[in-house]
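2 protein chains.
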Amino acid sequence: MIGSELQALIQLLAKLPGLGPRSARRVALHLLKYRTELMIPLSEALHTAAQALKICHTCGNLDTQDPCAICANNNRELGLLCIVESIADLWALERSGSYKGYYHVLGGTLSALEGIGPEQLKIPALLQRVQSTGVREIILALNATVEGQTTSYYLADALKTTKAKVTALAHGVPLGGELDYLDDGTLTAALGARRQL
Amino acid sequence: MIGSELQALIQLLAKLPGLGPRSARRVALHLLKYRTELMIPLSEALHTAAQALKICHTCGNLDTQDPCAICANNNRELGLLCIVESIADLWALERSGSYKGYYHVLGGTLSALEGIGPEQLKIPALLQRVQSTGVREIILALNATVEGQTTSYYLADALKTTKAKVTALAHGVPLGGELDYLDDGTLTAALGARRQL
Chain A
1 MIGSELQALI QLLAKLPGLG PRSARRVALH LLKYRTELMI PLSEALHTAA
51 QALKICHTCG NLDTQDPCAI CANNNRELGL LCIVESIADL WALERSGSYK
101 GYYHVLGGTL SALEGIGPEQ LKIPALLQRV QSTGVREIIL ALNATVEGQT
151 TSYYLADALK TTKAKVTALA HGVPLGGELD YLDDGTLTAA LGARRQL
Chain B
1 MIGSELQALI QLLAKLPGLG PRSARRVALH LLKYRTELMI PLSEALHTAA
51 QALKICHTCG NLDTQDPCAI CANNNRELGL LCIVESIADL WALERSGSYK
101 GYYHVLGGTL SALEGIGPEQ LKIPALLQRV QSTGVREIIL ALNATVEGQT
151 TSYYLADALK TTKAKVTALA HGVPLGGELD YLDDGTLTAA LGARRQL
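Respectively, the protein sequence lines represent chains A and B.
The opening residue of the first sequence carries number 1 in our numbering; numbering runs sequentially from there.
The opening residue of the second sequence carries number 1 in our numbering; numbering runs sequentially from there.
Derived from the structure by calculation, the hints contain no laboratory data.
Mixed in with the good hints, there may be bad ones.
Stated by the list, open to error - Straight line, CA to CA, 30 Å or less: simulated DSSO-like cross-link-like pairs of lysine-lysine:
no. : chain 1 : residue 1 : chain 2 : residue 2
1   : B       : K54       : B       : K122
2   : A       : K54       : B       : K15
3   : B       : K15       : B       : K54
4   : B       : K160      : B       : K100
5   : A       : K33       : B       : K54
6   : A       : K100      : A       : K54
7   : B       : K100      : B       : K163
8   : B       : K15       : B       : K33
9   : B       : K100      : B       : K33
10  : A       : K122      : A       : K54
11  : B       : K122      : B       : K160
12  : A       : K15       : A       : K33
13  : A       : K122      : A       : K15
14  : A       : K100      : A       : K160
15  : B       : K160      : A       : K15
16  : B       : K165      : B       : K122
17  : B       : K100      : A       : K33
18  : A       : K163      : A       : K122
19  : B       : K100      : B       : K54
20  : B       : K33       : A       : K15
21  : A       : K122      : B       : K163
22  : B       : K15       : B       : K122
23  : A       : K15       : B       : K54
24  : B       : K122      : B       : K100
25  : A       : K100      : B       : K165
26  : B       : K165      : B       : K100
27  : A       : K54       : A       : K15
28  : A       : K163      : A       : K100
29  : B       : K33       : A       : K33
30  : A       : K100      : A       : K165
31  : A       : K122      : A       : K100
32  : B       : K33       : A       : K54
33  : B       : K15       : A       : K33
34  : A       : K33       : B       : K122
35  : A       : K122      : A       : K165
36  : A       : K160      : A       : K122
Start from the sequences, fold in the hints, and give me the full structure.
Right, here's the structure in full:
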């Protein structure tokens, strides 16, 4: 007995990552409860963002301008290029406030099973970018997953011919981490990379 | 370095139940990835639903018409009235396909702590509805929570003066339920209401 308008809305909401049919119904009811405060503004924000945002052709970030605000900013450290898997990872690094160079978003990781090779990611564009601009250091900031690390090794190999230094994020105990709850791999990495105090 | 349009969208998404700042960012990126297939249709579905849907004055259900399709349907069982806490509960009963009467949505449960009395819920409207229409049986289908059961007891008491029979959903072992994983209260209820085979 759910009307077609509501059914259509619930079906679209259920397609969002992390939402299923049940939570989509809950979200729809919540939205209808707060129509003027939430539902209408969300509808408009979706429309505005869909129209305004574009992918930066240089780095793959999302912004209202192309090149994006990061690529267009001349005050960042020119010689530094950080390779990330996704825009969300770029945002995470930006939130940390500890990186002032430029980015290159791959758009995923290599996967023989899913048929994702270097051409499906932005790896040719990366190699060209590194060669045509004076990059001093390339920081591989891919996820510490099997796919991320495989892609890291591939990139380190592919970037050997360039003059740039290739580095990767350190592995170890995360801040606030308790040894008892850490996996063996992290402990092994942290022990192997131990440093003198 | 997130643009204001995107920031506004993420902030609105983070207000949805079950989503936090991190999952809102993930949803926003997913939407931007599927602009024509998901983002624009969702924007439009939100707008359409916000305009079209209204609360039924008789039962409290959401529909494009008032009275809603259930209340306007003369083929349902006239003498049966089922009391539920929320519209989601009404939908759950409708999905089960096992109930053919009418509904009354309370809009919550009684709560002395939160200052929710009978007037804040649709209890006066319920009493009036029961008196003015020939209801034969009132089924209390509130949640099996402390608040739901308290409200059930209050309603059973308030409905004593009417001629209608007041019933409640049975408690017991849910289908597919394993005794080992059930709480003591459910087991006690199931044991107490045991039936001869």
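**Asked** Taking 30 Å as the top limit, are the C-alpha atoms of A/K100 and A/K165 close enough?
**Response** Holds, because 17 Å separates the two Cα atoms, which is no more than 30 Å.
**Request:** Quickly compare the C-alpha distance for B/K33 and A/K54 to 30 Å and report which way the hint goes.
**Result:** 10 Å, holds
**Prompt:** If you draw a straight line from the CA of B/K100 to the CA of A/K33, is it 30 Å or shorter?
**Reply:** Holds, because 27 Å separates the two Cα atoms, which is no more than 30 Å.
**Straight-line alpha-carbon gap B/K54 to B/K122, limit 30 Å** = Cα-Cα ~16 Å, so holds.
**Request:** Quickly compare the C-alpha distance for B/K122 and B/K160 to 30 Å and report which way the hint goes.
**Result:** Status holds; Cα separation ~17 Å.
**Prompt:** Is A/K122 close enough to A/K54, meaning Cα to Cα at most 30 Å?
**Reply:** At roughly 16 Å apart (the allowed maximum being 30 Å), A/K54 and A/K122 satisfy the hint.
**Prompt:** Regarding the pair A/K15 and A/K33, is the alpha-carbon distance no greater than 30 Å?
**Reply:** 21 Å, holds
**Message:** Hinted pair, alpha-carbon criterion (30 Å max): B/K100, B/K54. Please report holds or violated.
**Reply:** 22 Å, holds
**Item:** Straight-line alpha-carbon gap B/K100 to B/K33, limit 30 Å
**Value:** 43 Å, violated
**Request:** With a cut-off of 30 Å on the C-alpha distance, tell me whether B/K15 and B/K122 pass.
**Result:** 27 Å, holds
**Message:** Does A/K160 sit within 30 Å of A/K100, going by the straight-line distance between their CA atoms?
**Reply:** 24 Å, holds
**Message:** For a C-alpha distance cap of 30 Å, please report whether A/K122 and A/K15 respect it.
**Reply:** 27 Å, holds
The structure fails hints 9, 15, 21, 25 (numbered hints given earlier, in ascending order).
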